Structures are given as C-alpha cells and as structure tokens.
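Peer 1: Sequence:
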Amino acid sequence: MGRALGITSIGNQNNIINAQSIGQIIINNIGQKRVWIPFVVLSVTILILVTGKRYEFLPKEEASPIQIDSLVEKDNLRDTLQLNQAMPPQKSKIVHDSLTIILDSREGAEIGLKDLIKDQTITIQFEGEIGLGFFAGSSGPDGILGFAEFSYFPNIPHGAVIGRWKEDSDWHFVGGMAEFVVPSSGDQTLEFLVNDADYSNNLGGFQGVIVY
4 MGRALGITSI
14 GNQNNIINAQ
24 SIGQIIINNI
34 GQKRVWIPFV
44 VLSVTILILV
54 TGKRYEFLPK
64 EEASPIQIDS
74 LVEKDNLRDT
84 LQLNQAMPPQ
94 KSKIVHDSLT
104 IILDSREGAE
114 IGLKDLIKDQ
124 TITIQFEGEI
134 GLGFFAGSSG
144 PDGILGFAEF
154 SYFPNIPHGA
164 VIGRWKEDSD
174 WHFVGGMAEF
184 VVPSSGDQTL
194 EFLVNDADYS
204 NNLGGFQGVI
214 VY
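The numbering used here puts the last residue of the sequence shown at 215; the count rises by one with no breaks.
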C-alpha cells in the first residue's frame, strides 16, 4: 500500500505540472498571437457606431420643433402686421377749440364760433352762482323753482341759463350742461341769457366753457 500511495502522489504532481505547463503555453500563445486585439477593436467599433447614431439622430429630433415654432412665430408676426395695416385708424372725438365765457346775469352773452360742420355737437358747461334779488335769493346754472311770473319762460326754472343759435328763434334750457347740434356748416353764433325778466336786481354771473 505504501508503493501505491507513492505512485499516486507522483502522478498527481505530474498532472499538476502538466496542467500548469499547458495553461502557460496557452497564455503565451495568446500573448504572442495577440488574439485579444480583435475583441478590443470590435468593442470599440460597436461603441463608436452606437454613439455616432445617437448624436446623429437626437439633434434632428430636438431641433425640429424649434424650427417649426420659429416659423409659426414668424407667420403669426406677419399676420399681425398685415392685420394692423389692414385695419382703418380709429376715429376719436377731436376737440377743435374751447372758449371760456362769462354770462353776466344782467346782460347775457353772445359767442361766435367759426368753421363749424353741420350736425357737429357743441358741448356747453356753466358753473357758479348769481343773485336774483332779495326775495328769490341766489341760484346756480340750473335755476330755482318758483317765481315763474318773473321769468322769460315760465316752464324753465327761474334764473337758469338758457341758450339758442342766433339764427334760431327758439330758446332752450342749458343749465349746468347741454349739447347743441350745429344746424349748418360755417360760422355760427350762440346766445345765452339768465331766465329772469327783471335784471335790475341781479348780481354776478356764471362761468362757462364751450367745447367744439
């Protein structure tokens, strides 16, 4: 049994030596023939192809919406400009002139307006306070109730501002504010009075503005 064990031990050692020798030979052959180079080259090639495709396609997909949006914005800008050019200018109420007048409670006032246009609107405003005598007291441009028998026009408040186109015989209530429509183109004259038949005891006057 001792010999058998010895032979087995020697056999195992020989097998180990042979395995090591074979492994070393394979490694040496691989190292000498450089078998690993094709694997490395193949791996690098695959990596380059994958990376190249990624950089080739992704920018196009990302750039496409930006280009479309830019075109849409330009088209919208053109449409807006064309729309603005096509729209007529907005007409606004132009104030040609304005006049400040003093309506004396004892004399009235007459104002000449030049270069008017038929159907043009004239805006008139009055403010202030006048004295109408001991019994009637004071009044603003809208007048006061009562004293119809002392008024030019009983149906209009006593002491109120009244006015008319000089060429028109009809007087109209003006008060604190009124609008007159120009009867015909050209120069026209407006007349104003205080609706009081007895001027002798009146005091002061109204301040007015005419806008046309």
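There could be a bad hint or two in this list.
Claimed, not checked - Computed cross-link-like contacts, SDA-like style, restricted to lysine to any residue with a CA-CA straight-line distance of at most 25 Å: (1) K121 - E170; (2) K169 - L116; (3) K169 - G136; (4) K117 - S187; (5) K121 - V184; (6) K169 - F137; (7) K117 - Y155; (8) K121 - Y155; (9) K117 - L102; (10) K121 - G207; (11) K121 - D107; (12) K121 - R109; (13) K121 - S203; (14) K121 - I49; (15) K169 - G140; (16) K121 - S187; (17) K121 - D171.
To be verified - Pairwise CB distance ranges (calculated): (18) G111 - P157: 14 to 24 Å; (19) Q123 - D201: 13 to 23 Å; (20) D145 - A200: 28 to 38 Å.
What the hints contain is simulated information worked out from the structure, not anything from laboratory work.
None of the values given here were measured: they were computed from a predicted structure.
Idealized CB from N, CA, C, for every residue including glycine.
Peer 1: Now tell me, hint by hint, if it's right for this structure.
Peer 2: Hint check results:
no. : hint                    : result
1   : K121 - E170             : holds, 14 Å
2   : K169 - L116             : holds, 11 Å
3   : K169 - G136             : violated, 28 Å
4   : K117 - S187             : holds, 12 Å
5   : K121 - V184             : holds, 8 Å
6   : K169 - F137             : violated, 32 Å
7   : K117 - Y155             : violated, 29 Å
8   : K121 - Y155             : violated, 29 Å
9   : K117 - L102             : holds, 12 Å
10  : K121 - G207             : violated, 34 Å
11  : K121 - D107             : violated, 29 Å
12  : K121 - R109             : violated, 32 Å
13  : K121 - S203             : violated, 38 Å
14  : K121 - I49              : violated, 90 Å
15  : K169 - G140             : violated, 30 Å
16  : K121 - S187             : holds, 4 Å
17  : K121 - D171             : holds, 15 Å
18  : G111 - P157: 14 to 24 Å : holds, 19 Å
19  : Q123 - D201: 13 to 23 Å : violated, 36 Å
20  : D145 - A200: 28 to 38 Å : violated, 18 Å
Checked against the numbered hints above, the structure violates hints 3, 6, 7, 8, 10, 11, 12, 13, 14, 15, 19, 20; every other hint is satisfied.
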